[in-house]
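Undergrad: Take a look at the letters that make up each chain.
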Amino acid sequence: MNCTSAIHEISSYIDGELEASVRIELEEHLRECEGCAIIVRQTQLTVEIFCNDKPVELPPDVRSRLHEKLKHKLHKSK
Amino acid sequence: MQYATLNVGSGFGPIHSAVLTTRLLAKNPKLSAPTPERIPSKIAREDEPLLVKAAKSGDAGAFEELVNRYESKIFRLTMNITRNREDAEDSMQEAFLKAYSHLHTFKEDSRFYTWLVRIAANEALMRLRKRRPNQVSLDEPVQGEDDLMPREVEDWGPSPEQRYAQSELHEILDQVIESLDPDFRTVFVLRDIEELSTEETAQAMGISVPAVKSRLLRARLKLRQKLDRFLRDRKPN
Numbered sequence: 001m002n003c004t005s006a007i008h009e010i011s012s013y014i015d016g017e018l019e020a021s022v023r024i025e026l027e028e029h030l031r032e033c034e035g036c037a038i039i040v041r042q043t044q045l046t047v048e049i050f051c052n053d054k055p056v057e058l059p060p061d062v063r064s065r066l067h068e069k070l071k072h073k074l075h076k077s078k
Numbered sequence: 001m002q003y004a005t006l007n008v009g010s011g012f013g014p015i016h017s018a019v020l021t022t023r024l025l026a027k028n029p030k031l032s033a034p035t036p037e038r039i040p041s042k043i044a045r046e047d048e049p050l051l052v053k054a055a056k057s058g059d060a061g062a063f064e065e066l067v068n069r070y071e072s073k074i075f076r077l078t079m080n081i082t083r084n085r086e087d088a089e090d091s092m093q094e095a096f097l098k099a100y101s102h103l104h105t106f107k108e109d110s111r112f113y114t115w116l117v118r119i120a121a122n123e124a125l126m127r128l129r130k131r132r133p134n135q136v137s138l139d140e141p142v143q144g145e146d147d148l149m150p151r152e153v154e155d156w157g158p159s160p161e162q163r164y165a166q167s168e169l170h171e172i173l174d175q176v177i178e179s180l181d182p183d184f185r186t187v188f189v190l191r192d193i194e195e196l197s198t199e200e201t202a203q204a205m206g207i208s209v210p211a212v213k214s215r216l217l218r219a220r221l222k223l224r225q226k227l228d229r230f231l232r233d234r235k236p237n
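The listed protein sequences correspond, in order, to chains C and D. If you count the first sequence from 1, position 17 lands on 17 in the working numbering, and the numbers rise without skipping. If you count the second sequence from 1, position 212 lands on 212 in the working numbering, and the numbers rise without skipping.
Treat the hints with care, as some may be off.
[Said to hold, decoys possible] If you want the footprint, here are the derived chain C segments under chain D, 3+ residues with CB under 8 Å:
1) 1-14
2) 35-46
3) 59-68
Derived from the structure by calculation, the hints contain no laboratory data. Every residue gets a Cβ at the ideal spot worked out from N, C-alpha and C, and that includes glycine.
The whole structure should be built from the sequences, with the hints applied where relevant.
TA: Printed below as a string of structure tokens:
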């Protein structure tokens, strides 16, 4: 496997969705190619960091306005 | 890194979705906003299919229960897509109102949340298109392979989570994700942040499974690249 093919498989690889034969081929390439190995680690880490990031919270005023609108709609359609 | 499945230093391994799920559940704080006046539902909270059935047959309390369950996630989604609080709020409100109006069209062979995400993502994308008409092209195939291959690669050393305080890193990530094209950002948000499956993401966005996979690959690589540039330009104190 060359670097271009390896890069195309990164996403499926980090999701654990690669067929065994392709995964083995990719891992062989990663053992030999430090650049691709770094990209795989950094891409994994990037996904992790975004998943670990503080989530957007629903501000109380936004929530109140939503429920006001809903109440109006729900009561209107009764 | 504190997670055993991420072999940052020495090897490679898949990020298992179950691990991500556990981590996300652990990280997501409960809603801290005051509880609004609720219409009591006749249906138990645990049983979503029954809740959906009850809402469809006109139980307003059941629908409000569904809203309570997903409002934070839907706001996070619309905020992540639009990157604008006013648009995010409008999209969220419109999504729930439309969901209520069109509940009779919901086929119960899929998850209610996926159906809701589809409505909310469409609302958010519509507002984004209005605000930035030339930047959103979700209906067009992604062209070009040239940008996929990173040109310069350098190890990050200590991970960004070790290098920056949480609030500082949050600001960095905010800037990085905001600079991502909306068509890539939306796929990344649905797949990696909201943890929809590839099929659910395809369904929510109205695109094919291969298109989701292709955009997710590009989104992840672009985010890595943008984060890489950011980390190189901005040395820690």
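Undergrad: Find the hints from earlier in the document that the structure breaks and name them by number, from lowest to highest.
TA: Those not satisfied: there are none.
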